[in-house]
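Engineer: Given next are the chains, with one letter for each unit.
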Amino acid sequence: MNAPAGTAAAVDDDELLAHFDALLAEGGTVEPRDWMPDGYRRMLIRQIAQHAHSEIIGMQPEGAWLTRAPSLHRKSVLIAKVQDEAGHGLYLYSAAETLGVDRADLLDALHRGQQRASATFNHPALTWADTGAIAWLTDGAAVINQAPLCRTSYGPYARAMRRVCQEEAFHVRQGYDLMRALCEGTPEQKEMAQDAVDRWWLPAVALMFGPPDTEAGGADARTAALGAAVSRRAMAWGIKRHTNDELRQRFVDQCVPQAERLGLTLPDPAIRWNEERGHYDFTPVDWDVYREALGDDTVWARQRIAHRRAAHEDGAWVREAAAAYAARADDGAAEEAEDEAAVAVGAGEGAVFVGGAEEGTGETGACAVRAGGVAGEDA
Amino acid sequence: MSRAREGAPASWEVFLRARRGLAHQHVGSVRAADPDAALALARDLYTRRGDPLSLWVVRSDAVHAASPDERDPYFAGARHKPYRYPEHFAPLTEKGPEGDDHE
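Chains as they are written, first to last, in our numbering: chain A, 29 to 407; chain B, 946 to 1048.
Bound conformation, chain A alone (with noise of 0.2 Å):
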């Protein structure tokens, strides 16, 4: 910013993507002032949106059973699971803004349908048993994709999925044992429970892990060949860490037990334990399969988004009172709001803060000089 001249331009792109290369070489982690190529901002702008807006588009299947909870504490479970999927929004919307995006930007963009939330909340949770099959079985196969993600190479990035994936692992649980309480139940809240597994177990294991991207996982030579080449791209940033058909493989691998326990049935008659690989068979996920989980029918897609904005734009009056509030405050105290910067409940404590603020947005370019000792980190 402030280097004389000539050092700056001697600097040039190769250099610094050089640079950049070795650091990702030696598993370092990218952090929001670094130099880094388009392409890597771009792709993970892409990835850490879907992810914000399916976080809080997939509140909608679960949250529509906040009222009908057959019981206080399910009920109280379920609002702590849906609160948290409005969080992990909030944290991944942080970490895309380190980018140099605005949040506000970014949901203009989910709004207008230029950005897109995971098609698999693009399904209706019909019954109460849905709310189960969606935590165990969804939510199942994001803590699969998500492990990785803790060690993706962007580091407000990874520091949001540590947080987000300590509390996927409650969010499976509570989802698991719904389910065996319906199995232990009537026959009728039994067959409730398989007639969910039936609905959500393709929209799970395909859209949860994205479309193919090996011949092996279902692909044609073609499409594995495009799917690999992101993958492929992903990984070499590190960004991801496995292709999407490894990830799904993992994953039916993890349900096929569970779903013996429970005396459930997952609703794919390929599926058997294959001694040679080590691995549950399955039928593929290809293309056809893939299509066929997106759905034809996109009344659901259309209402999540209309029920997104109608959120939005039905709270625009908070966000309004909230700003004219804040505004009137700086009016009555101008001086003292300069000097107040810090505002704190418990203890106060001098602090001087040497590194700055990573995850923010400040326009002081303070943001990000790697602050030792960020709590995500260590936890």
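Just so you know, nobody snuck in bad clues.
Below, a sample of chain B positions facing chain A; criterion: calculated Cβ distance under 10 Å:
1. 955
2. 975
3. 982
4. 994
5. 1013
These are calculated hints, taken from the structure and not from any lab test.
Only a predicted model underlies this, so the values are computations on that prediction, with no experimental measurement involved.
Glycine included, each C-beta is placed from N, C-alpha and C at the ideal position.
Position chain B relative to chain A; hints supplied.
Structural biologist: Only chain B this time, still in chain A's reference frame:
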């Protein structure tokens, strides 16, 4: 770097003392119009579990930081000074460095 939109709520950095014996640590950031709203949002977002003790929010633009572009010269004092480490010197006992701890 950031292109915060006109009228967008300010960014706040969140610091949490997650339990006794720990310093406040940076845990993330929130967007809010004023400090009280930022604190309430930070509470809802970062203290839903555990036994949190204390929470700070600081406006992101109030953080004064060293520029990463000047990282090398700015932190030059930290490098190439092996004599700032105990291993640079002969151990205090013949058992080697580990021996020092048990004296």
